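Enquirer: One line per chain: the protein sequences are D and H, in this order.
For the first sequence, this note's numbering assigns the number 219 to the last residue and increments by one with no breaks.
For the second sequence, this note's numbering assigns the number 727 to the last residue and increments by one with no breaks.
Just so you know, the hints here were simulated from the structure itself, not pulled from any lab data.
It should be emphasised that the depicted structure is a prediction, and the values quoted were computed from it without experimental measurement.
Beta carbons are placed, not taken as given, at the ideal position from N, Cα and C, and that holds for glycine.
Treat the hints with caution; some may be incorrect.
As the list claims (entries may be wrong) - Below, computed lysine-lysine pairings styled on BS3-like, alpha-carbon distance capped at 27 Å:
1. 136(D) / 415(H)
2. 118(D) / 139(D)
3. 117(D) / 386(H)
4. 234(H) / 136(D)
What the hints assert, rightly or not - Derived DEER-like restraints, expressed as beta-carbon distance ranges:
5. 235(H) / 198(D): 15 to 25 Å
6. 17(D) / 235(H): 20 to 30 Å
7. 142(D) / 717(H): 23 to 33 Å
8. 198(D) / 724(H): 41 to 51 Å
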Amino acid sequence: MGAIIQTKNLSFSYDNMHTVLKDINLEFFSGKVYGIFGRSGAGKSTLLSLLAGLETINENQIFYKDIDLSSLNLDRYRSHDIGIVFQSYNLLPQLTAVENVCLSIELNNPKNKDKIKKAKGLLRKVGIREELFNHKILKLSGGEQQRVAIARALSYDADIILADEPTGNLDPETEEEIIKLFLNVAHKENKCVIIISHSREVKKHVDVCYQLINGRVTI
Amino acid sequence: MIIVKNAFRNMIRNKGRNLLIGIIITIITLCTCIALAIHQAGSNLVQTYKETNPLSITFSLDMNELRSASDDEKNEFSSLTVEDVKNYGNSDLVKDYYYTIEASLSSEEVDAVNDNVRPAKENENPPEDIVDENNGHGKGMGNIGDFRITAYSNFAYLNDFTDGNKKIVDGTMVSGDSDDNEIVISESLAEDNDIKVGDEVSFYLPEDEDTSYTFTVVGIFEDVNSDNTSNFMEMNALNSSNQIYANITTVEQILNDQGDDNSKLVATNGLNAVFYLYNNDDLEQFEKEVQDKGLSTYYSVTTNEDEISQQLQPIQNIVSFSIQFLIVILIIGVVVLTIINFLNIRDRKYEIGVLRAIGMSKLMVSTQLILEIFFVAFISLMIGTTSGTLLAQPVTNKVLENEVASYTESVSNTQTNFGGNGFSRPSQDISGNENDTPGNRPDGDIPNNMKKPTQQVTNYVDSLTVHISVITIIELLDISLLLIVGSSIVACLFVNKYNPNAILQNRN
């Protein structure tokens, strides 16, 4: 079975002067959890943005199911094929926890009638207490917001889950639960989970570990 | 559906910002509504007024040109006759026409009404500078008696009666041509001479005392505006109390009896015709037609277009002002809403970034933002239209009142500047009497600019009924939609420019 997403000689620079990523060749498969580690400024988040289609890329550098990502409708790609957990959560502050998750479900499938039920189920799964479901995002703690962001990323059966420091604000106990959740998603639901992290705990549990040093990847 | 729901939810949750936008749109809508209502009502009024007050066309004789003409040319000159008028009136272009004929009479047994202290009767020796040696009347004015006798081919055009300035208080108005030698006189004249309906009174030609006429008084009219009557230049004939009405046959007989060397000119002064066309645009064609039918080149075709324009001036000013006001409001509206939208988009950059990052397309984000403003605008539109409906009439009344007052003051100032003599340009002096054109004055041959100020009545259109019609609402909706979409487009251009990752990274 081929890689669900792969990079071919992926290089990237923001200002055409300073190269952030150099000749990255990676393959990611369904059913596995990948960890990308590296120092701050190594290009981890840039790699995630590129894989998420949030940055403009050149042709023939990233392939999703063997299709050049630059040729895809990236809006649809982001709302159907990948779920993203941002380092700073990027939730909508005017919405409640449930509404944030529901919005992603609706974008994926506007006719989904069970969206609220599904959203609440996911929030429970990531450890959000019932009484917080209808709280506005800004009334939740950093850890709770992070879990809502994870619930949102898991809300529409995306093939790939991209998570940027998903356990950064969590206590060790919750961190372990979240890691278990990602492992379950990858192993039981056959999803590809790519985690960018500094956490040793994450490093211990991931199936494949990549190290980014000065824009280059080492295994 | 998702964007409609999100837009509605955002509208409710961002109360402060949307309230501000709502207030601005409400004010714009209110002003636009009033301006549109005034413009539409004013335009309709102008159109209706022009339709119900068609141009009255008259023929004016250029006396100066005629006097300076050679003897041969004078001999060739053919003055306007009743037959000519009837001939011109039979044109396919003419909707209706009428003519008046008028003669001057004197009387031994009837004393003319004289409102002035100065003597006017022939035996009371008026000052030498204003009498001539023949008959004691105005110097250089020819043989003018104390009374004017006027006939209308159609009394429906006797404006003094149709407008209510005069009304029969006893007896009836003279009727058809069969009722010869019947007259209607003023109440003042009747009272001063103890004349009653049914009495017979005698008059004679001012230039020939032997030619006399005996008339039966069939009606007495009251001059409602009798305060305005006076003996201008000490000529009793110009006092409206000395006005006598008779039928065409009666006055024609008097004019025929006046036949002498000056008969043409006398007849010219005595005959006035007014034509109304089906279509005012046919004026040139009508002019050509009457010239082809033999109207002398010494006559020119004149209309009361200036008069109608003058009467409509306040309304037309308001209509024009409403358009200018509308344009200014719309420009301000577009600028203010664009700025608010722009600031709104800037404030919500993060939200836009998140929506784009989770897969909402640029089109959906833009549509959602426009929908939000549209919801606010819809509510504001309702409030603005309702308020506009309530306020349009009072605002119009106030503006029109100021406009008419401004015009009245302007005319009054002009008269004051001339020492109260009321000299004014023709366009400033509108009597409302359509016969009041040179060579066409049943009330005496007084040019307008020689009348006393009290005789000058400008019938400005001073009321405008405004209501919000379906057309106004449709126009309002179009403008609002244009305003909202126009102001949102700039904002949406920014949405399309934004890179979601850049927004989120900057935020981080």
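Enquirer: Run every hint past the structure and note whether it holds.
Expert: Tested hints:
For a cut-off of 27 Å, the pair hint linking residue 136(D) to residue 415(H) is broken: about 97 Å separates their Cα positions. For the suggested pair residue 118(D) and residue 139(D), the alpha carbons sit about 22 Å apart, so the restraint of at most 27 Å is met. The straight-line distance between the Cα atoms of residue 117(D) and residue 386(H) is roughly 88 Å, outside the 27 Å bound, and the hint therefore fails. The straight-line distance between the Cα atoms of residue 234(H) and residue 136(D) is roughly 16 Å, inside the 27 Å bound, and the hint therefore holds.
About 41 Å separates the C-beta atoms of residue 235(H) and residue 198(D), a value inconsistent with the hinted range of 15 to 25 Å. Evaluation of the 20 to 30 Å hint for residue 17(D) and residue 235(H) yields a failure: the beta carbon distance comes to about 44 Å. One distance hint, 23 to 33 Å for the beta-carbon pair residue 142(D) and residue 717(H), holds here, with the actual separation near 26 Å. The hinted range of 41 to 51 Å is not satisfied by residue 198(D) and residue 724(H), whose Cβ atoms lie roughly 18 Å apart.
When the structure is compared with the earlier hints, violations turn up for hints 1, 3, 5, 6 and 8 and for no others.
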